[in-house]
Every structure is written in C-alpha cells, then in structure tokens.
Amino acid sequence: MTTTAPRPAEGQLESLDVFRDRARTFLAASMPRRTEGDGPVSMREAKELQAILFDGGFAGIAFPRRYGGAGLTLDHQTVFAEEAAGYRMPTPLAVSVAMMAPTLLDHGSDELKERHLPRMLRGEEIWLQLLSEPSGGSDMAGVLTRAARSGDDWVIDGAKIWTTGANHADYGMCLARTDLDVPKYSGLSMFAVPLDHAGVRIEPIVSADGGDPHFFQEFLDEVVLQDGNLIGPLNNGWAVAHTLLYHERNATAGVGHGRGYRAEADAGDATGSGIDDLIALSRAAGTSGDPVSRQLLAEAHISAVVARQVSDRVMTGIRTGAFEGEWGSLLKLGMGIDAPRRGEIGLAVAGEDGVVWDDEAGDNIDAHSVRWLVSRTIAIAGGTNEMQRNIVSERLLGMPREVAVDRAVSFRDVLARRADRR
Amino acid sequence: MDLELADDRLFFQQNTRRFLERESPLEHVRELHRTEHGFDPGWWRKAAELGWTTLLASEEDGGGSLSGAPLRDAVIVAEERGRLIAPGPFLPTNVVVSALSAGGDPALKEAHLPGLLEGDATAAWASSGLPDDLRVEARADGGEIVLDGTAPHVEAAASADLLLVVVRTGDGIAQVAVPRTHPGVTVVPGRSLDLVRRFARVRFEGVRVPRSHLIDGANAVERALQVALTLQAAESVGAMDRAFETTFAYMGDRYAFGRAIASYQALKHRVADMLLHLESAKATTDAAARAVDDANPEAGRLVRIAAAYVKDTAPTFVQECVQLLGGIGVTWEHDIHLYLRRVTVNRAVLGTPERYREQICVRLGV
Ligand SMILES: Cc1cc2nc3c(=O)[nH]c(=O)nc-3n(C[C@H](O)[C@H](O)[C@H](O)COP(=O)(O)OP(=O)(O)OC[C@H]3O[C@@H](n4cnc5c(N)ncnc54)[C@H](O)[C@@H]3O)c2cc1C
Ligand SMILES: Cc1cc2nc3c(=O)[nH]c(=O)nc-3n(C[C@H](O)[C@H](O)[C@H](O)COP(=O)(O)OP(=O)(O)OC[C@H]3O[C@@H](n4cnc5c(N)ncnc54)[C@H](O)[C@@H]3O)c2cc1C
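Same order as they appear, the protein sequences are chains Y and C. Sequential numbering from 1 applies to the first sequence in this note's numbering. Sequential numbering from 423 applies to the second sequence in this note's numbering.
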C-alpha cells in the first residue's frame, strides 16, 4: 500500500507538494541509491533506469501525456530532480531525453512525435545531434552538408563530426543545406536521419586522454530520406537548430528539461562538497595540510557551491519571470570557466605525484591529471566559451552584434569568397 | 538580490532606494568625507524611521521583520546602501541590535535597545581578530567583569554610544556591552580607504561593567559574525550592481573608432564574465541570508562561502569597470573610486577571503 496520492487524471495539475510525495515514494521503491565509490552510470544501465522512470510515470515530466510524458511542468521536473539527488539517474541519456526530445516536441510533425517521443522517453530509442562539421562548429549555420531533391525524396551528402555517443544511437538530427542561393540562415533544414542507413558510415575519434572513444565522425553518402523526415518546415532548419542549442545549454547547465540529468551528478560526491575527488587527491599527495593547497581546495569548493547557487537563482528567475531569454548560456559559460580552473587546482595539489607515478602510488593518483588534459572539453563542446560570451553580451544584455560579412549575401557567394582567399 | 520579493518587501526596497537617492546622493557622500564621523545623526534618525534598525530585533523588543526572514529583509537595505555608497553605522548597529535582542539581559536591553531602534543612538561591534587573534581579555571579579586589551579597526566606534566587544574569557569567547564613555575606554580614531566609514582603535584598561553586560557563548559570537558577514557581502553586491550599470551605460554612449565601445568583442566578452560574477555574487549572498534565517545547520559554511566569494570578486570586478571606463576611471571626479574604496575596505574588514577559505577547509574536515 502506498500512502501517497495516486497519479491524478489528465487535465488536473498536481500540486508540487503532492507530486513530491509521490516522487519520493516512487524513487525509494524503484530506483537504486547512489553510494560512495559508485562508478559512473553506463549506457546500458541508463536505458534500464530510464525505462523504470517511464513505467513509473516520471519520464518526460514536462512532456504531454500523448507523447509518453507526465503532462506536468518544469517546476515538477525541478522537484523530481531534488528528490532524485541521492539516486542513480540515467545521465548518459541527457542528450537524447533532455535536448533532442524537447526539440522534437517543439518542432516535429505529429507523426514524428507520436512515433519517436514515447520511445525516446522510455530510453528505447536514442537520438543525437549531427550539427558540427569538419569545416567548423561554432558557425553552425555555415554547414556544408547538402540535402538535394530527387523526385519526392531528399538525398543527403556530407560529413558530420564530434558527435557524442554515436555508438549507442539510433537517430540523428542532421542540419543540412537545402538552398544555396539565399543567405546562410535561410537555406537550412533539419532532418531525422536513421543511423543504420546504408549511406551512413560512423568512425570513432580517440580523445586526447587516450580513453575509450566517446565521440565520432559520420560520413553521409547518398542518404535517401522522405519528406516525413523533415523536422519543421523546409528551410526552417535554423530555428530548429536554435531551439536545440537552447535545450542543450539548459541541459548542460542542469536547468529546464535537463534538471536531474546533469552528468556531474555521477561524480560520486558523497559529502556534497563537490570536491571529494580533489580532497582525496590532496591527501594522497600529502598536501592537504599545506596552506597554499588549502586555499585552492576551498576555492574549488566555493566555485562548486556558487555554481549551484547561481543555477538555482536562474531557475527562480525564469519561474518568476524576472529573467527572460537565454540564461542557460550564462551558466554554461560558468561551467566552461570553472572546469579548467578546477583542473589547474588539481594539478597544484597533486604536485609531481600527479604526473609521475609508479605502482606504489595510491590508486587513481593519475586520474585527475589525465582528465586535466581534456578539461577544456566543457569549454568547447555545446558551444565554446566565446560563443556563450557572444550570446550573453548580445542577447541577454543587448550589446551590439558582431559585424558579419556573411549575413546579407547568398551562401553560394560566401563559399566563392572563401575559395578566392585560398 | 532576491528574486522573490513579495509586494511589501518590494515596496520596502523601493522606499529605501528613493530615500537614499533623495537624502544621500553621491555628491552628499563626497561632502561627508570632510566631516568627523562621516554621517549626520539627524539623517540616521530618518533612516531608522524607515526601518533600518529594527529588522533584526524581536517583536517583544520593539522590532520585527517584514517577512519573517529578518536577515533577508536587512539584506535589502544593505544592497541599496551599497548601490549609493551610503554612510552611517548600518552594519555595526544591526549586528549589535541583533545580538542584544537575542541574548541580552533584560535590563541591558531596556537601557540600550530603544535608543538604537529609534536611531537616537548607534553601536559598534569590536570583533577584530576573530577568532584566533582576539586582543581583549575579560575576567570575572565578583559581580563585575573586567576588560583589558585593544581592539583595532572598530567601525564607527568614535560615534557609537554602545560598544559590543568580543572578548577572550580564559577558555572561551563572549561579548560584553560597554558604553563608549565608560571609564577606562579610550577611542583613537583612525583613517580608512572609504570616504565616509570611520574606524578606530579602542583600548580597554581595567574597564569594569556589571555581569549583566555579558552575552555569553561562542554561538552568539558566531551568529553575530554570520549577520555581519552577510550584510557586508550584500553591501558589496549592491556596489557591484550599480558600478556595472554605470559602466554598461557608459559603454553604449562612448564612441571610439566610429563605434560605441560596447560593440567591441574584446569588451563584450569581459562584460559577459562580469555578469556571471555579478549574478553569482547575488546568488551566494542570498543563499547565505536564507541559511541564517532558516537556522540551516550549514549556515556557518554557507556564510563563509558568500563572504570569501564576494570579498574576493568585488574589488577585481570594480577594477574591471575602471578599465572599461578608460582614463576617466582613475580620476577623483568619476564616482567609480567611491565604489572601489567601499568594496576594497569590505574585502579586508571582518576578515580576509584567505581567512575564510582556511576556515572552510576546517569545516569540510580537510
Ligand atoms: C566532447 C565534445 C562533444 C561534442 N559533441 C557534439 C555533438 O554531439 N554533436 C555536434 O554536432 N557537435 C558536437 N561537438 C562539437 C562542438 O559543438 C564544437 O566543437 C564546437 O561548437 C566548436 O566548434 P569547432 O570545434 O569547429 O571550433 P571552431 O568553431 O573552429 O572554433 C575555433 C575557435 O574559434 C573561436 N571562435 C569561433 N567563432 C568565433 C566568434 N564568432 N567569436 C569569437 N570566437 C570564435 C571558438 O570559440 C574556438 O575557440 C562536440 C565537441 C566536443 C569537444
Ligand atoms: C594617468 C594618465 C596620464 C595620461 N597622460 C596623457 C598624456 O600625457 N597625454 C595624452 O595625450 N593622454 C594622456 N592620457 C590619456 C590616455 O592616453 C587615455 O586615457 C587612453 O588612451 C584611453 O583613452 P580614454 O580614456 O579616452 O578611453 P576610451 O578610448 O574611451 O576607452 C574606453 C575603453 O574602451 C576600450 N576601447 C577603446 N577602443 C577600443 C577598441 N577599438 N577595441 C577594444 N577596446 C577599445 C579601451 O581599452 C577602454 O577600456 C593619460 C591618461 C591617464 C590615466
């Protein structure tokens, strides 16, 4: 017997308090707790966890019920995330569930939404983003991948790169050029591309830490798709991409639909200090009594706590209407600044032991320094720090936009100029 | 800066802002620079009428908060004060009112609280060196307490009617209320970077007060420190907020090379970072005030986080404003140095960020 209220009927909005009780009971009964020394959640486990959430009515909390969601609000999502803090959550599905699914919800046809959203929310089908290209990622509207008409079909040719998790994914949202004779933002369309298509070849990219590949490159060679695979209207791809980036920044910063899906929740931080790993490192290296190291450890702790506080502030501001617009960018910028700094602090407290070691050294003494090598990842992926600074200054603060030489001319002319300069 | 101000608190904030703009514009602050105490007692009485001194006293003692969250209410005033570099012993008086109301002997309260609440009297909190380097000792002698030692850098001591002194008591620490004109008390005025805040060295030589003047316990001292650090951070946050507004507006009006300087990416990117620091400072100060109001068991750590963050961030932040203003930013004429002075004093007074970072490590068990 459960003491909490049952899930209310469609059309009634459940109060946050009642929802909190229901979420708490569900989590305690159904989800595994996090414990000290837990490893990160694997994709396989994530799919199982997501299915448990879905079956309990706690997946896609702010999605309509007809698409498999819970029909509630982002405030409910926040409450759920608070309650779920002590549990293992399907964080590896953040891209699919918290970025791609909301974008599909905003722009997809009914047919696409009905077919795919319930499977995405259940973790059965995984989507990723096919945006960046070898020729550039920041200037996303400058993609070279083409989608050309062939009778009633579309034929896609091109290459995408840096796609996270392509080894697990089923579908990609692919930004392609459908009109060369208009300015760059106006000639783009977004397509749903099945990754098992014969024309899609996926190759892993090994990152600088030498670890297992987690990002990939895709070659798209005569990938034939139907009109139904268009997400949003023809030549409206920029609006879709924009929405996608918006959800991405929110998910990265742990706000919006991404609340509770933030990968950092996997860090195994039992005390909530946000720096358990750095403290352990400093102890292992024998520097935790050194005044300089202690200043740095405290700095890292302060950054971790303040990052959470400012994220809460942004959530509150969005809820009360005090903040409008892309505040997720400000939080993403904060992460892109904090992560490298945290890396430097780790190097400082580890000293020589962090970079030179033997079998007598403590376990994992090298882990931090290896991670340091790729600590700029968060400052690059999902829009570089510089792009976030552009967004914050121009869109949040209304400062003048950068002068652009490629805005008022057709994309064909942009390409011609680029070729001229070579 | 609280994003959930209900109507009465919003009204209070607007009232406070209007009062300061009318009664204490920056030109006036500059004039006060040349006065002995840096504020006008008549003006202070008016501020008290607006509620500046009552928020942290209990209702039985004649005070009361607007919203049931007293420190968050007082933070509203502190931020507005920071925005206009306001004069007057707001922080010390409120710390002392709060400590007296929460832990003072009834007769002590009766003697001092009414005057402090009405603005006829002001107070100073002599806490420097807390906790490791306290230089005032107190010992019991019959029904009396005897104080000896020196407290450096006591804000608003020379103009205060009442001093609340943090003292070492053999094995512990406590606070003792001493009227400033009491025999054995010597106040030696000093100078500070701030144009209108005054600090003094206070010497205690065999100063005797009745036992009822003691507010015992390290907890009460800790609580007073939490109130003080939160109000101080809020004041610096208000100063950052206004400095940012001023600089931002200037960047839109100032032209170089045929463009507003606000259009240069090198500057826009710095402004983006500044917004992050500003919002972070607001968020952590608000979180500290909530923690104290809610008697959160982690309040001590959260207040130290806010203190260390804001103490560290604010001076660099205002120097960034100076940089963006160009040559005018390093002049006496431009008001930005008033802001720089205020936040620089706040960085060090009541403890440096370095001290609080060390204390945070201790609290984390490192
Ligand atoms: C771990 C990881 C995972 C990723 N996952 C995905 C994914 O799943 N899907 C996907 O599509 N992409 C993904 N990316 C790609 C990512 O979005 C791009 O790397 C990013 O947008 C930057 O693009 P770029 O690498 O081509 O750098 P460039 O765009 O070539 O930028 C190079 C430098 O120039 C700067 N710059 C560029 N334009 C400006 C400007 N206007 N003003 C100021 N500075 C500028 C940049 O900030 C950067 O410092 C991932 C990247 C990483 C590292
Ligand atoms: C102590 C002192 C002594 C001086 N002595 C002399 C002297 O003897 N003789 C003399 O002629 N001058 C002198 N100067 C003036 C000095 O050269 C100017 O202050 C300086 O050139 C900046 O100009 P500005 O103050 O008008 O700032 P502005 O030019 O208005 O600049 C404001 C801000 O915008 C930035 N900015 C402007 N243009 C750009 C751009 N294109 N890209 C990016 N950022 C930009 C600036 O870096 C600054 O941060 C002195 C200044 C000082 C403070």
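Derived by calculation from the structure, the hints in this document are not laboratory data. The beta carbon of each residue, even a glycine, is placed where N, CA and C say it ideally should be. Among the hints, erroneous ones may be present.
To be verified - Beyond 10 Å from chain C on every Cβ pair, some chain Y residues (computed):
| # | residue |
| --- | --- |
| 1 | Leu112 |
| 2 | Gly136 |
| 3 | Phe323 |
| 4 | Asp358 |
| 5 | Leu373 |
To be verified - Listed below are several chain Y residues computed to face chain C (Cβ distance under 10 Å; list not exhaustive):
| # | residue |
| --- | --- |
| 6 | His242 |
| 7 | Arg283 |
| 8 | Gly286 |
| 9 | Val305 |
| 10 | Ala307 |
| 11 | Ser311 |
| 12 | Arg319 |
| 13 | Asn385 |
| 14 | Gln388 |
| 15 | Arg389 |
Claimed, not checked - Computed footprint of chain C on chain Y, listed as stretches where at least three residues anywhere in the stretch have a Cβ under 8 Å from a Cβ of chain C:
| # | stretch |
| --- | --- |
| 16 | 150-158 |
| 17 | 333-346 |
Hint by hint, here is what the structure shows:
Annotated as non-interface, Y/Leu112 keeps its C-beta farther than 10 Å from every C-beta of chain C; the closest such distance is 36 Å. Every C-beta of chain C lies more than 10 Å from that of Y/Gly136, the closest at about 18 Å, which supports listing it as non-interface. Not every beta carbon of chain C lies more than 10 Å from that of Y/Phe323, the smallest distance being close to 8 Å; the non-interface claim is violated. Against the 10 Å criterion, Y/Asp358 stays outside the reach of chain C, whose nearest CB is about 26 Å from its own CB.
No Cβ of chain C approaches the Cβ of Y/Leu373 within 10 Å, the least distance being about 25 Å, so the stated non-interface status holds. The interface hint given for Y/His242 is broken, as the beta carbon of that residue sits about 19 Å from the closest beta carbon of chain C, more than 10 Å. Checking Y/Arg283 against chain C: minimum C-beta separation of about 8 Å stays under 10 Å; hint holds. Taking 10 Å as the C-beta contact cut-off toward chain C, the hint placing Y/Gly286 at the interface is violated, the least distance being around 13 Å.
Nearest Cβ of chain C to the Cβ of Y/Val305: about 5 Å, under the 10 Å cut. The hint holds. For Y/Ala307, the shortest C-beta to C-beta distance to chain C is roughly 8 Å, which falls under 10 Å, so the interface hint holds. Proximity of Y/Ser311 to chain C holds as hinted, the smallest CB-CB distance being about 8 Å (cut-off 10 Å). Given the 10 Å rule on beta carbons, the hint for Y/Arg319 holds: about 9 Å separates it from the nearest Cβ of chain C.
Hint status for Y/Asn385: holds, given a least beta-carbon distance of 9 Å to chain C, under 10 Å. Using the Cβ-Cβ criterion of 10 Å, the hint placing Y/Gln388 at the interface with chain C is satisfied: the shortest such distance is roughly 7 Å. Given the 10 Å rule on beta carbons, the hint for Y/Arg389 holds: about 4 Å separates it from the nearest Cβ of chain C. Evaluation of the coverage hint for the stretch 150-158 of chain Y: breached, as 0 residues show C-beta separations to chain C shorter than 8 Å, against a requirement of three.
Residue count for the stretch 333-346 of chain Y with a Cβ under 8 Å from a Cβ of chain C: 3. That meets the three needed, and the coverage hint holds.
In terms of the numbered hints stated before, the structure departs from hints 3, 6, 8 and 16, listed from lowest to highest.
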